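K.L.:
Sequence:
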Amino acid sequence: MISRRRRRARVSIPRISTTLQGESTVIDVTVQRELPVPADKAWALISDFGDISWAPGMDKVEVTGEGPGMIRAIHMPGDTPPIEERLESLDHDNRVMEYTIPKGMPMPLTGYRATAKVVPLDDDSCRVDWGCRAQEVGVSPQEAEAMAAGVYNQLLDWIAEELDRR
Numbered sequence: 000m001i002s003r004r005r006r007r008a009r010v011s012i013p014r015i016s017t018t019l020q021g022e023s024t025v026i027d028v029t030v031q032r033e034l035p036v037p038a039d040k041a042w043a044l045i046s047d048f049g050d051i052s053w054a055p056g057m058d059k060v061e062v063t064g065e066g067p068g069m070i071r072a073i074h075m076p077g078d079t080p081p082i083e084e085r086l087e088s089l090d091h092d093n094r095v096m097e098y099t100i101p102k103g104m105p106m107p108l109t110g111y112r113a114t115a116k117v118v119p120l121d122d123d124s125c126r127v128d129w130g131c132r133a134q135e136v137g138v139s140p141q142e143a144e145a146m147a148a149g150v151y152n153q154l155l156d157w158i159a160e161e162l163d164r165r
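Just so we're aligned, residue 0 is where the sequence shown starts under numbering that gives the first Met the number 0, counting upward by one.
What the hints contain is simulated information worked out from the structure, not anything from laboratory work. None of these values were measured; they are calculated from a predicted model. The C-beta atom is built at its ideal place from N, Cα and C for all residues, glycine as well. Warning: the hint list may mix true and false statements.
To be verified - When the alpha-carbon atoms are kept at most 25 Å apart in a straight line, the in silico SDA-like pairs for lysine to any residue are as follows:
#: 1; residue 1: Lys102; residue 2: Gln141
#: 2; residue 1: Lys116; residue 2: Ile51
#: 3; residue 1: Lys59; residue 2: Arg85
#: 4; residue 1: Lys116; residue 2: Pro80
#: 5; residue 1: Lys102; residue 2: Ser23
#: 6; residue 1: Lys116; residue 2: Asp47
#: 7; residue 1: Lys102; residue 2: Met57
#: 8; residue 1: Lys116; residue 2: Glu161
#: 9; residue 1: Lys59; residue 2: Ala38
#: 10; residue 1: Lys59; residue 2: Ser139
#: 11; residue 1: Lys40; residue 2: Asp92
#: 12; residue 1: Lys116; residue 2: Ser88
#: 13; residue 1: Lys102; residue 2: His74
#: 14; residue 1: Lys116; residue 2: Asp163
#: 15; residue 1: Lys59; residue 2: Asn152
#: 16; residue 1: Lys102; residue 2: Ser124
#: 17; residue 1: Lys40; residue 2: Glu142
#: 18; residue 1: Lys116; residue 2: Ala38
#: 19; residue 1: Lys102; residue 2: Thr79
#: 20; residue 1: Lys116; residue 2: Ala54
#: 21; residue 1: Lys102; residue 2: Trp53
#: 22; residue 1: Lys102; residue 2: Asp122
#: 23; residue 1: Lys116; residue 2: Pro76
#: 24; residue 1: Lys102; residue 2: Val60
#: 25; residue 1: Lys102; residue 2: Asp58
#: 26; residue 1: Lys116; residue 2: Pro55
#: 27; residue 1: Lys116; residue 2: Leu154
#: 28; residue 1: Lys59; residue 2: Ala159
#: 29; residue 1: Lys59; residue 2: Arg71
#: 30; residue 1: Lys59; residue 2: Asp92
#: 31; residue 1: Lys116; residue 2: Ala72
#: 32; residue 1: Lys102; residue 2: Glu142
#: 33; residue 1: Lys116; residue 2: Glu87
#: 34; residue 1: Lys102; residue 2: Phe48
#: 35; residue 1: Lys116; residue 2: Thr79
#: 36; residue 1: Lys59; residue 2: Thr99
Said to hold, decoys possible - Distance ranges between label pairs, derived from CB positions:
#: 37; residue 1: Pro101; residue 2: Val25; range: 17 to 23 Å
#: 38; residue 1: Gln141; residue 2: Pro67; range: 19 to 25 Å
#: 39; residue 1: His74; residue 2: Asp121; range: 38 to 44 Å
#: 40; residue 1: Asp121; residue 2: Pro80; range: 28 to 34 Å
My request is simple: use the sequences and hints to build the entire structure.
P.N.:
What follows is the structure in structure tokens.
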């Protein structure tokens, strides 16, 4: 009988920094998660910007275009307008994706730019860094940072669960 040792994903505390800019604060939030899968497997899931079927809770996702510049409109339950995320860059060689949310921002942030990066650790594991740089609107920097870190931790939970199923 072959026995497989199962490694659990390791969670890191978010790296958070703030900078004053005018009357608002620029926040930088990055959450890191080690996953027991090859980097290419994690990147294949994350880099498919048009397919986020692994994230529960959406009514539907509409995709317009392809590659950098494409928009995914995420429709949530209820009468809220869709969250429109725009793919800004996709670097397969370095496993880095950047996107913005020009319409329907669900958090009290402006100037939002998110980055997801997959870093190989060895042949069978990787680290995913997911974060953003933005300015808070109407909340304290600490509240904005906590919201963003919470969203990224939830995304990384869903990614880990989906990769475990594959």
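K.L.:
Hints first: check each against the structure and report whether it holds.
P.N.:
Going through the hints against the structure:
1. Lys102 x Gln141: OK: Lys102 and Gln141 at ~23 Å, within 25 Å.
2. Lys116 x Ile51: holds, 16 Å
3. Lys59 x Arg85: holds, 16 Å
4. Lys116 x Pro80: This hinted pair is violated, its Cα atoms lying about 28 Å apart.
5. Lys102 x Ser23: With Cα atoms ~20 Å apart, Lys102 and Ser23 stay inside 25 Å; holds.
6. Lys116 x Asp47: Holds. Lys116 to Asp47 sits at ~13 Å (cutoff 25 Å).
7. Lys102 x Met57: holds, 17 Å
8. Lys116 x Glu161: The given pair, whose Cα atoms are some 17 Å apart, holds under the 25 Å limit.
9. Lys59 x Ala38: violated, 28 Å
10. Lys59 x Ser139: Given pair Lys59, Ser139 is violated - Cα atoms ~32 Å apart, limit 25 Å.
11. Lys40 x Asp92: holds, 14 Å
12. Lys116 x Ser88: Holds, because 12 Å separates the two Cα atoms, which is no more than 25 Å.
13. Lys102 x His74: holds, 12 Å
14. Lys116 x Asp163: holds, 19 Å
15. Lys59 x Asn152: Within the cut-off at roughly 22 Å; holds.
16. Lys102 x Ser124: Violated, because 35 Å separates the two Cα atoms, which is more than 25 Å.
17. Lys40 x Glu142: violated, 33 Å
18. Lys116 x Ala38: Judged against 25 Å, a Cα distance of about 10 Å means the pair holds.
19. Lys102 x Thr79: holds, 12 Å
20. Lys116 x Ala54: With Cα atoms ~18 Å apart, Lys116 and Ala54 stay inside 25 Å; holds.
21. Lys102 x Trp53: Between Lys102 and Trp53 the Cα gap is close to 22 Å, so the pair holds against 25 Å.
22. Lys102 x Asp122: Status violated; Cα separation ~39 Å.
23. Lys116 x Pro76: Between Lys116 and Pro76 the Cα gap is close to 29 Å, so the pair fails against 25 Å, i.e. violated.
24. Lys102 x Val60: Holds: Lys102 and Val60 sit about 14 Å apart, inside 25 Å.
25. Lys102 x Asp58: Judged against 25 Å, a Cα distance of about 17 Å means the pair holds.
26. Lys116 x Pro55: holds, 22 Å
27. Lys116 x Leu154: holds, 13 Å
28. Lys59 x Ala159: holds, 22 Å
29. Lys59 x Arg71: holds, 10 Å
30. Lys59 x Asp92: Distance ~30 Å between Lys59 and Asp92 Cα, so the pair is violated.
31. Lys116 x Ala72: At roughly 22 Å apart (the allowed maximum being 25 Å), Ala72 and Lys116 satisfy the hint.
32. Lys102 x Glu142: Answer holds: Lys102 to Glu142 is near 21 Å, not above 25 Å.
33. Lys116 x Glu87: holds, 14 Å
34. Lys102 x Phe48: Holds. Lys102 to Phe48 sits at ~17 Å (cutoff 25 Å).
35. Lys116 x Thr79: violated, 30 Å
36. Lys59 x Thr99: holds, 19 Å
37. Pro101 x Val25: 17 to 23 Å: holds, 18 Å
38. Gln141 x Pro67: 19 to 25 Å: violated, 33 Å
39. His74 x Asp121: 38 to 44 Å: holds, 39 Å
40. Asp121 x Pro80: 28 to 34 Å: violated, 43 Å
When each numbered hint is compared with the structure, violations occur for hints 4, 9, 10, 16, 17, 22, 23, 30, 35, 38 and 40.
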